[in-house]
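Participant: Listed here are the chains, written in short residue letters.
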Amino acid sequence: MNGALVGIASAAVLALGLGFLARRGRPMGLEQWTVAGRSFGAPLVFLLMAGEIYTTFTFLGASGFAYGRGGPAYYILGYGTVAYTLSYFVMPPIWRYAKEHGLYSQSDFFIRKYDSPTLGAIVSLVGIVALVPYLVLQFKGLGIIVEIAGYGAIGATPAVWIGAAVATAYVMVSGVRGSAWTAVVKDVMILLVVAFLGIYFPVHYYGGLEPMFAAIEQAKPGFTALPARGESVWWFSSTVLLASLGIFMWPHGFVSIYTARSARVIRQNAVILPIYQLILLFVFLVGFAAILQIPGLSGPDVDLALFKLSVKTFDPWLVGVIGAAGVLTALVPGSMILMTAATLLANNLYRRVDRSATDARVVQIAKLMVPVVALVAVYFTLQGGLTIVALLLMGYSFVTQLFPAMILSLADTRWTTREGAAAGIVAGVATVAALGLTRATIGTLFPSLPVEIQEINVGIIALAVNVLVLIAVSVGTRLMTGSHRRPAQAADLT
Amino acid sequence: MRMARWLAVLPCFAVLAGPFFLNRVTPFVFGMPLLLAWLVAWIVLTPAIMAVIFWFDPVNREDRQ
Chain A
1 MNGALVGIAS AAVLALGLGF LARRGRPMGL EQWTVAGRSF GAPLVFLLMA GEIYTTFTFL
61 GASGFAYGRG GPAYYILGYG TVAYTLSYFV MPPIWRYAKE HGLYSQSDFF IRKYDSPTLG
121 AIVSLVGIVA LVPYLVLQFK GLGIIVEIAG YGAIGATPAV WIGAAVATAY VMVSGVRGSA
181 WTAVVKDVMI LLVVAFLGIY FPVHYYGGLE PMFAAIEQAK PGFTALPARG ESVWWFSSTV
241 LLASLGIFMW PHGFVSIYTA RSARVIRQNA VILPIYQLIL LFVFLVGFAA ILQIPGLSGP
301 DVDLALFKLS VKTFDPWLVG VIGAAGVLTA LVPGSMILMT AATLLANNLY RRVDRSATDA
361 RVVQIAKLMV PVVALVAVYF TLQGGLTIVA LLLMGYSFVT QLFPAMILSL ADTRWTTREG
421 AAAGIVAGVA TVAALGLTRA TIGTLFPSLP VEIQEINVGI IALAVNVLVL IAVSVGTRLM
481 TGSHRRPAQA ADLT
Chain B
1001 MRMARWLAVL PCFAVLAGPF FLNRVTPFVF GMPLLLAWLV AWIVLTPAIM AVIFWFDPVN
1061 REDRQ
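Residue numbers (my numbering), protein chains in the order written: chain A, 1 to 494; chain B, 1001 to 1065.
One should not assume that every hint holds.
Said to hold, decoys possible - Some, not all, of what chain A presents toward chain B, calculated at C-beta under 10 Å:
{"id": "1", "residue": "79"}
{"id": "2", "residue": "219"}
{"id": "3", "residue": "241"}
{"id": "4", "residue": "379"}
{"id": "5", "residue": "380"}
{"id": "6", "residue": "412"}
Because the hints were derived from the structure by calculation, they are not lab data. Remember, predicted model here, so these are calculated numbers, not experimental data. C-beta atoms are modelled at their ideal positions from N, C-alpha and C, and glycine is treated no differently.
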């Protein structure tokens, strides 16, 4: 075992150790296990949200995207700014509603708001389907890190298995508290490592930022801005918009809102979280630095840029530290995702079948589901093929479809019905799947439209279909039933 | 001073509309291509704007126990 692998292995052991410690002295009921008894203050909620938003995707995917595509990668910087600004207004009402009704999961929210367990089951399914690619990308990242940073001593396949096993053990033991405390270690490490790399590489190889960008501009003119065609400004703006609506609709992101102690904590976070995106700037700089130093990576291999450049530049011990940070960025969100998927399966799907199940029984089932979900993700990871960004965008398009029904349910006077919400979500998800399978763009669907419109992110179509169906079916069901389901709402409408 | 909430429109507008006017590599600003520098500037400005909103928003005083 070389120096780098020792660092990576200690990170995994540390994560497990913290997970065990976090559990001590607390009985693990469903509320403790999933939302930590709604007791977290601003620092922990911050870490939990940052912990799941900044993942292997940030570390490897964003640097790979900057390396492979250049300017279009900036969309990742843009959507955080928009999303956190929106979160100040959108998240407190969600938190308040969740607290009043003792909700555990995202689909609980829909079940209560729309008074429909069926809608809850649909939302759970969408969540689970979207979480799998997200989990796959964490495992894929683990494989890359251990393989390259370990100088080939462990192959990618065993690395994926080991990572999945550690994440599974960790979640089964500690639930969300384990995630929050490991997130503390992870965030400090990733911040230091990425800031160091983002400053060191440009200075070491080019003598500074401006010389680096000038060199790239000379080699590939226009690469660090948006291209005139394809991933153009129109693509950028529409993608930023879609992603910023989707970001908080991830089932695990939604649930981390519930862990807050008060609505004020959430607003504080909305103020601070944008700063955290500066990490992404450093990650981009690493990707840009690699362009002229490690030329020739293409396809899914662009995700290797950060580690290839590190191995080329540093001694094994330092590569080990970078690898350790990388392993934590995969394990922390990976465990959050695992836990969320398992809780959804147990609390929202199993409970639908076995209605007399006690909370203790549901916790038991949830823990059993953890290794099952992990196995499914390992299967897809080993099938391989897509880049990290492609996997993430796929998951995003699915969860974004939950946004219209969610935001409209927050209104004081509600005209959307459960039938409308369900039909809208199903139509939106079906559109995403159809467009994904046929690889359609707006250009191929509507070739007569102006070029600018053709370049708008195709996800907008799915969202538009979703909203139109939602409106049509809601109005339709209201007209057919001729009355409003709840007296309270009928009063609101007058 | 709930009016301060309207300041939140600024970062959204800057990020969604700004690139239409600033999609250029040069001039370099702080060593970065112009478009990147613009987005980074808003990462720094947005928390400042949100802090102003937070400060003037009466709900944050009510929620404090």
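Participant: Hint by hint, note whether the structure agrees.
Facilitator: Hints, one by one, checked against the model:
A least Cβ separation of about 8 Å between residue 79 of chain A and chain B falls short of the 10 Å threshold, and the interface hint therefore holds. Look at residue 219 of chain A: its Cβ only gets to about 12 Å from chain B, farther than 10 Å, so that hint breaks. With a cut of 10 Å, the hint placing residue 241 of chain A at the interface with chain B holds, because the nearest CB-to-CB distance is about 6 Å. With 10 Å as the threshold, the beta carbon of residue 379 of chain A stays out of range of chain B, its nearest partner Cβ sitting at about 38 Å, so the hint is violated.
The beta carbon of residue 380 of chain A comes no nearer than 33 Å to any beta carbon in chain B, farther than 10 Å, and the hint placing it at the interface is violated. Against a cut-off of 10 Å between C-beta atoms, the interface hint on residue 412 of chain A is violated, since the closest Cβ of chain B lies about 16 Å away.
The structure fails hints 2, 4, 5 and 6 (numbered hints given earlier, in ascending order).
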